[in-house]
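If you read the sequences in order, they're chains A and B.
The working numbering applies: residue 1 is where the first sequence begins, and numbers increase by one.
The working numbering applies: residue 1001 is where the second sequence begins, and numbers increase by one.
Be aware that a few hints might be false.
Chain A residues, not near chain B, derived (Cβ > 10 Å throughout) [to be verified]: (1) Glu20; (2) Glu24; (3) Val43; (4) Tyr83; (5) Glu129; (6) Gly159; (7) Gln164; (8) Ser204; (9) Leu235.
Where chain A lies over chain B, by a calculated footprint (3+ residues, C-beta under 8 Å) [stated by the list, open to error]: (10) 1161-1173; (11) 1211-1222.
Simulated from the structure, these hints should not be mistaken for lab results.
Beta carbons are placed, not taken as given, at the ideal position from N, Cα and C, and that holds for glycine.
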Amino acid sequence: MRQPVLWCIMLNNLLATFFENFSEIILSGKYLKMILNGLWLTVEVSVGASIIGLILGSVVAAVKLLPNNNKWMKIPKFICGIYTTVIRGTPMALQLFIMAFVVFAIRGFPQEIVAILAFGINSGAYVSENIRAGILSVDKGQTEAGRALGLSGARTLVGIVVPQGIKNVIPAIGNELIALIKETSIVGMIGMFDLTQASKVIGSGQYLASYFAPTVVVAIFYLAIVYLLTLVIKLIERRLRAGDKR
Amino acid sequence: MINVDHVYKYFGKNQVLKGADLKIEKGERVAIVGPSGSGKSTLLRCMNLLEEVTYGEVWLDDKLLTPVDPYLHYDIIEKSNTFKKLYAARADKVGEEGARAEIIRQIKQNDLLKRAEGREFSAAVKTFYKANILDINVARQRMGMVFQQFNLFNNMKVIDNLIYAPTKLKVMNKAEATEKAYSLLKRIDLTDKANVYPNSLSGGQKQRVAIIRSLMMSPEVMLFDEPTSALDPEMVGEVLALIKEVADDGMTMAIVTHEMKFAREVATKVVFINDGVVAEQNTPDKFFDDPQNPRLKDFLSKVL
């Protein structure tokens, strides 16, 4: 009979601590600064990696899509094939380790750059496949019509096929960028202080000794970033589809 | 104008064309008919190399579009190691000319040429190729193509569909192209659709725009790949009328079609493709009234 009462008391205590901690995190400059530091790193790595990923992905996709009529195209095509296979076939955390402790095992080398490169290279493989799939979804007749008029393969690809394929690519790229932002939470594994790591430190015994409030605060931050990105993607998509029908 | 010389086309193990021969002279209007799967569309698409040929050559006037097929050139075969070997073994037995002809026939029949046939042979192929090849993109500018599925560029308005290729290929500047586009649109009575996207056009309108898109490049020959097969029946007439109009202007054309009445009316030559080869070609009257090939008789009895 006393069990429900006990639960109520526990819940009450928990919520009281939660709200107390929550307001402390928001109001005391110390914790907020830690979270903002972590946020800054997360944003820095995400933005840097997105840019590298998009550029790298576009280049790789272009190489894979260009017609294979030249023997000199075979080598870059082969390299790009290996790149996507290796990157997509190994865990992100492992790639990060390799970047941090093998490739850039240099004392004093800025870790941000290591992380940006690791995530950028990883993202590029997925982006390239997304772009390739989107472009390939464009009807083959469009290419044939362009070629039949005497346009070169590259001109047809850039002027006719890509503008139509990009609409199919945007949602998939959006997904990839969202996944990328959340995946950056593993940079704590190489000792970097990002948003997730901030929640861990604030929640530790050294500070609040409760993970409830800090994790919720950090979750809200992640949600806000991702939601903002979703809005931007929707906007871009609507812009691109505006030309579809009139 | 166009010469399709012994063209073979394999899709993997599936042999679609098995040595198709077809000559289209300037001013000729060739209708290509045949049962489905006989390779008539493939033959048409080989003419502007939308399909790469497996063996054989395609010529536009006196210019080669495909790689060299050594089997079609006696003087090149004679430079091969295989020929030299066979010739050395047989020259004494038969007269010289007879031996040459017989060995060439033997090589052709048994497909004896190998991948490597000596330096002299490769040099001969290369020289011939360099002397005759025409860049395919240049060739395609001279050959208009109209597809079954229209294939208008969906991301461009009608007017941009028309002027895109001529301006990008620097055949005309934008003002000239626009002027020509409007005069052609006026001809098909679609001036008011210049600034809409292809999605909002009917099938017949799309196909007519596709035809004038080809005409924008002032081609010397037009290839029509079943231009009315994807249309609603009531729209077939307007498209055929436009094709007829283009024909009356003296355009050389090749049309793959199922419209026998139209073929008879417009074509100067009708070609029957069966099982990957040209089984019969004749003037429309003789073709339809006095068919020789038994398979053609059967075909005509079903479609007419």
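Outcome of the hint check:
{"no.": "1", "hint": "Glu20", "in the structure": "57 Å, holds"}
{"no.": "2", "hint": "Glu24", "in the structure": "55 Å, holds"}
{"no.": "3", "hint": "Val43", "in the structure": "34 Å, holds"}
{"no.": "4", "hint": "Tyr83", "in the structure": "29 Å, holds"}
{"no.": "5", "hint": "Glu129", "in the structure": "23 Å, holds"}
{"no.": "6", "hint": "Gly159", "in the structure": "7 Å, violated"}
{"no.": "7", "hint": "Gln164", "in the structure": "5 Å, violated"}
{"no.": "8", "hint": "Ser204", "in the structure": "55 Å, holds"}
{"no.": "9", "hint": "Leu235", "in the structure": "19 Å, holds"}
{"no.": "10", "hint": "1161-1173", "in the structure": "holds (count 4)"}
{"no.": "11", "hint": "1211-1222", "in the structure": "holds (count 3)"}
Of the numbered hints listed earlier, those contradicted by the structure are 6, 7.
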